[in-house]
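J.: What follows is the residue order along each chain.
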Amino acid sequence: MMDPAEVEFLAEKELVTIVPNFSHNKLYLISGDIGPFNPGLPLDVPLWLAVNLKQRQKCRIQPPEWMDVETLEAKKQEEKDSAVFESVMNPHFMEISKLLLTHAADDITNADEVHALIKDLWDIRAAKLRQSLDNLSLMEINTIRPFLTQALDNMHTLKMNSM
Amino acid sequence: MLINDIRLQFYDKIIHKRVLLLVSHDVDALCACKILQALFHCDHIQYTIVAVAGKQDLERAFLEHSEQLEFVVMINCGGNIDLIELLQPEENVVFYICDSHRPIHLNNVFNDSQVKMLVNSGDEFNLPAYEDVIRNEESDEDDSGNESDEPSGKRRRFDEATLERKMEKRRKRREWEQNKERIMYDYDEFSFYGTAASLVMYDLAWKLSKDTNDLLWWAITGLTSQLIAKRIDREKYVSDVTELNRHVSRHNHRGNEDECPLSVNSMKISFVPELQLTLYKHWSLFESLRHSAYTACTLKLWTLKGQKKLNEFLADMGLPLAQSKQKFSAMDVEFKDNVKDWLETSAKKFGLDNISVPSFQVQFGFKHKYCALDVAFAVDALLESVNTSKSAEERFMEALDCLSRTYIDKLEDGLDLCKQQMMGVVNQVQSLLDMKKVVSAGPFLYAFVPDGTPGSKFFSRPNCLMTLGRFTLEAYVKLYNRRKARNLPLVVTAPLDFENGTSLVVGIPPLPELEQASRNFFGKAFEQAAEKTGSRTLHDNFEPSVVIMRTEDRSKFFDALISLLQ
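Chains as they are written, first to last, in my numbering: chain A, 179 to 341; chain B, 85 to 650.
For reference, chain B alone in the conformation it holds in the complex (with noise of 0.2 angstroms):
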């Protein structure tokens, strides 16, 4: 059931009980986590968090909570599967999920007393009309019974009407049949994205008038993380950002600012334009610019003449080479303040217009000031560590450590793992153009990181691999410009555990559908592929495209692949 009022029919229901909360590994979800966290604080409810990667976490998770608990809070996960029929719960328990994978699995849509799906009120679901997909019982049953009436029908003689009556019932039936393949074909073909998690949390927050600036930062960072991640468009983050941007204006303009300012230590948010460099404020902005997609791939610099254009943009800018090769914060003030405007003109001549986005920074006490996007990828980077000496719990709790105030030093952290991984990122791509790695197997493109490479470690984390994947393709596309390209998706395989010879497979949507609505056909596909080839795979994670596969089946499953999408 869609939940519209999500304070009357969830907060107020789930008051004074005990809860579990199921949080999967992502940004926003953990965002979304953080901000329930600060309400249930305020309201002395108790919760257990566990965090959890795939169906099987979800599934061992659930058994190992559910004798003692009535309500379960799911966050990002759990919405696109059938909950009831993989959890088999008692009849008491009470799932309330807040996800933003799309499509919902329509049992969750149509279950009235135990699935609760926590929906943004202006989101469209384009859901099938409930007597299109799901048959009544009665009309079953009915049905069944006719036919086991058929020997004593025989004994009649003059039945030709019910005989027809069966068979207009029966064609009637299989219409329907036929009408609800194609209605659920339509619906499940593309995976995508809706409205963020956070946001959905926020939303209650607000309603419950304890939104802070505390919780309407963590909104916005999970916001943000669905903007880099790619999940979302530019047109719907831009819509988003402009709601955040009226409870920014609420909590930060207050009075009259030099009357009385607030304490330095306060939470400062405010809107900014901001340039879509990865962490360039905290690292050197030469580096930004090699290691950020989008310049990156516009600018071409596989190859030596896109290097000479990025120094023939950097001079156009009118900045020395050994400034921008400078610690950002190092950089002469007098550069620093206005690198952001001569960057945007310069941009416009090379053909960069879109690189600014709308976006928020913070500032509290004098030392720590952070723009969206840098916080939103240092998440990401601590939740996707590779450090093997920490389990997925301690990489998730960290991450989720590192989102308050009080552990603002684990963010740093998380700055310096972001830029290893970036790095290691464009070494890949480097080497998978310079190598001619990416092939077309016709209906796509796939490339193969291989095992052993540098990298490769970083590759065994699915929005790790599905970064490279998206870079190398936006790359491979702008490189050879060839238009036969340009609508080609790319799968992607990097080794997940070398002595079980697992691999992880990722799907990557063609260019112009990644930029409009992202949506992902891949997860069908995927799906459809290793049942026809019986390839030993593992569709666990909650993303559909994210697939972990036997090695040694990969051929076999790649030529089905080929067959079906031709």
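The shape of chain A in the complex, shown without the other chains (with noise of 0.2 angstroms):
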């Protein structure tokens, strides 16, 4: 089991684009190189850094392309008209623009219509999510019983021995 802060923890390694205000010579860090920062020049670098560097004024955040009012609504309504799940612009596209919402915000265009969308769409997913396990018949459940038990079962222990 996960805990939002470890998903997002790995949604920071996106990478997004800033452009920044400052000069700076490259960075090497293990994930890779990043840089070198000329002011006014975009450049990628992930979304760790980009939300450091606008917490610290140091740059603008250009939003990623998904992230405007059309697309979303578009992909609002793909996701209500389809039964199954549909494919997501970013696997990550929660925790992004969570991050960016609350930390650039005034970097992003509309961003309160944009704010809605995404939860919008989360919102969708999740009915979908929560919808496809009522109406199961009995031996339904049970073809799928004995992996759930075990699975919980060896969550247990696992829990038991990690105290």
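Just so you know, the hints here were simulated from the structure itself, not pulled from any lab data. Think of the CB as a built atom: it goes at the ideal place given N, C-alpha and C, for glycine as much as any other residue. Heads up, a few of these hints could be off.
A short, non-exhaustive set of chain A residues, derived as facing chain B with CB atoms under 8 angstroms [to be verified]:
no.	residue
1	R234
2	Q235
3	A283
4	D284
5	D290
6	A294
Restricting the straight-line Cα-Cα distance to at most 30 angstroms, the calculated cross-link-like pairs of lysine-lysine (BS3-like) are [unchecked claim]:
no.	chain 1	residue 1	chain 2	residue 2
7	B	K101	A	K276
8	A	K191	A	K236
9	B	K494	A	K276
10	A	K236	B	K453
11	A	K276	B	K453
12	B	K352	A	K232
13	A	K232	B	K453
14	A	K236	B	K314
15	B	K314	B	K393
Using the hints, build the complex out of the two chains.
T.: In structure tokens form, the structure reads like this:
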């Protein structure tokens, strides 16, 4: 089980485009090289760095392409019309938008609408997830029961061991 | 030394170093501290914040921390005292002082290596010339050297010329000393305030291009607190507001508002003329009118006639009494929207010409909308809270917290506290006037807040006592309308600590001066009166017109004050 903070941590590796307002040489990090930074020249950096620089007033963040009202509305409609899960713009769309909307709301056009649309999309997908568990027949439940109970057992032992 | 280029001479020097931040207990200092903190966070500068309430605190804080640090930043403290003399620092320690107290101590101005004053380049200081107040050491030595030469000089018979030269020198020196005394007296006579520390700090942030709406809002709050504490006159306030308004429009009007509206959660600041009524948006209009110094004193609410006049005023506005006693936020929308215009029109008929001041309001989210005056009041109330379970540091931290958006609930507590404080002040003014406790001593008026009255606990805090003093003086002058009283200052004392037998004394300058430059001569007067009588006083506060005194020394202190001011 991962808690939301851990998932967010993984999402922070995603690249976003920023426009820095300072100059700095290339940064050599274990995960790869970043930079060089030149004022006014856009470049791709991991999300964690973008948020940190934004908090320190050192850059402007260019929101990802999918983060605009039209794309999101289309996506929402698609998701609504389809019975199964549609592919999303980015596997971490929820985490990325959450981070960008809290720290860089002023860089996102129509931030409030974007916020609402992302939330809608999330709700639709969550509803689908829940719905799929309804209306199961006894046989169907039985086929997945061994898997579920065993998984729960395993989790219990793991928890006991870690304590 | 005065520093004008704050970025080059201050910020670039302390970057990547560890800094000690000493912050005094007032709203302007808190706001400046917030701005500086934001800058420090941006550049990863390590700092230690220590709240200092007075000179003793300052000494203690410096002693505790001085070993590890070379750079000390002081906000709204230290400018008007001789720091090197008081703290005896090591030679490598540098003080950066951003203080709105004036006059600046001359030793701080003329110390080039260790004391750097961060000031607004537009301010005028009327500093005396260096050679007029500080005599060169060399010429002194020369002088004393001559004196020790005297016996050997005697041996020579024809030294009339030398003698004459010496006489000439002494005469010159005496003249110089007299001149110096006169200059120093002129320079030191009045204490007053310069540009708010928060404005100086905001200027720095702007030059570093790190200014945001948050920082701007703190600068606005700091400036507004100067206005409500009557530290600056209206003219200076308006000119500073105009300056800030330029930044406000730069930050808050970008592109077409309809095309890409900002998120609701982001901060929006707008320039609005605001009514000078205490917290009316968070109280009822009726209560607010009663508890604001300007309306209460002008309408003379202390008398039955005044009470009637208030009702008349409300009737003139066309506001039903029931509505005016309603919480402002629960008032009918029609009234709520128009009340500002109506009030302004009616106010003119009742002699309340200056009821509105240019100010700002801030909005973030759907719920939070505050005007600068209210925020400044609330922060001050938190700072001066009389809750005994909280230490001075806790109060300071709470007030510092409530300025940031994440702890906005604390601001609401501050608003409630402020209401209690204002009620305490108004009740006290009423009882002082009813009991005729404001007495003329000849050259000044005085009033004692008796111990044990319900509100007396509020007045153990200097700012609150000063509010009471200004309120009482204005009420007294407007009520009796004697020409003589109009130019009299007021001294108020309140019990500070009953067990130790100490009281707090503040001096309020006469009304005309209060309205213009807010120059206060009590600092020097208190000092001299205490010296003459040997009263046990403590001049600990950074504001020289606030003094702590042994209660039993009060009468001889006042006698000395009377003879001094006559």
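J.: With reference to the structure, classify each hint as holding or not holding.
T.: Each hint tested on the structure:
Using the Cβ-Cβ criterion of 8 angstroms, the hint placing R234(A) at the interface with chain B is satisfied: the shortest such distance is roughly 4 angstroms. Taking 8 angstroms as the C-beta contact cut-off toward chain B, the hint placing Q235(A) at the interface holds, the least distance being around 4 angstroms. The beta carbon of A283(A) comes within 4 angstroms of a beta carbon in chain B, closer than 8 angstroms, and the hint placing it at the interface holds. Here the hint on D284(A) is kept, as its CB sits about 5 angstroms from the closest CB of chain B, short of 8 angstroms.
Taken as an interface hint, D290(A) checks out: its beta carbon lies about 5 angstroms from the nearest beta carbon of chain B, inside 8 angstroms. Here the hint on A294(A) is broken, as its CB sits about 11 angstroms from the closest CB of chain B, past 8 angstroms. A hinted pair counts as satisfied when its Cα atoms are at most 30 angstroms apart, and K101(B) with K276(A) does not qualify at roughly 35 angstroms. Taking the CA atoms of K191(A) and K236(A), the gap is near 19 angstroms; set against the 30 angstroms cutoff, the hint holds.
Restraint check for K494(B) and K276(A): the C-alpha separation of about 26 angstroms stays at or below 30 angstroms, so the hint holds. For the proposed pair K236(A) and K453(B), the alpha carbon gap of about 29 angstroms is at most 30 angstroms, so the pair holds. For a cut-off of 30 angstroms, the pair hint linking K276(A) to K453(B) stands: about 24 angstroms separates their Cα positions. Restraint check for K352(B) and K232(A): satisfied, since their Cα atoms lie roughly 19 angstroms apart, inside the 30 angstroms limit.
Annotation: proposed proximity of K232(A) to K453(B) holds, straight-line Cα distance about 26 angstroms (limit 30 angstroms). Annotation: proposed proximity of K236(A) to K314(B) is violated, straight-line Cα distance about 38 angstroms (limit 30 angstroms). As the CA atoms of K314(B) and K393(B) are separated by approximately 27 angstroms, the hinted pair is consistent with the 30 angstroms bound.
Hints 6, 7, 14 from the list above are not met by this structure, while the remaining hints are.
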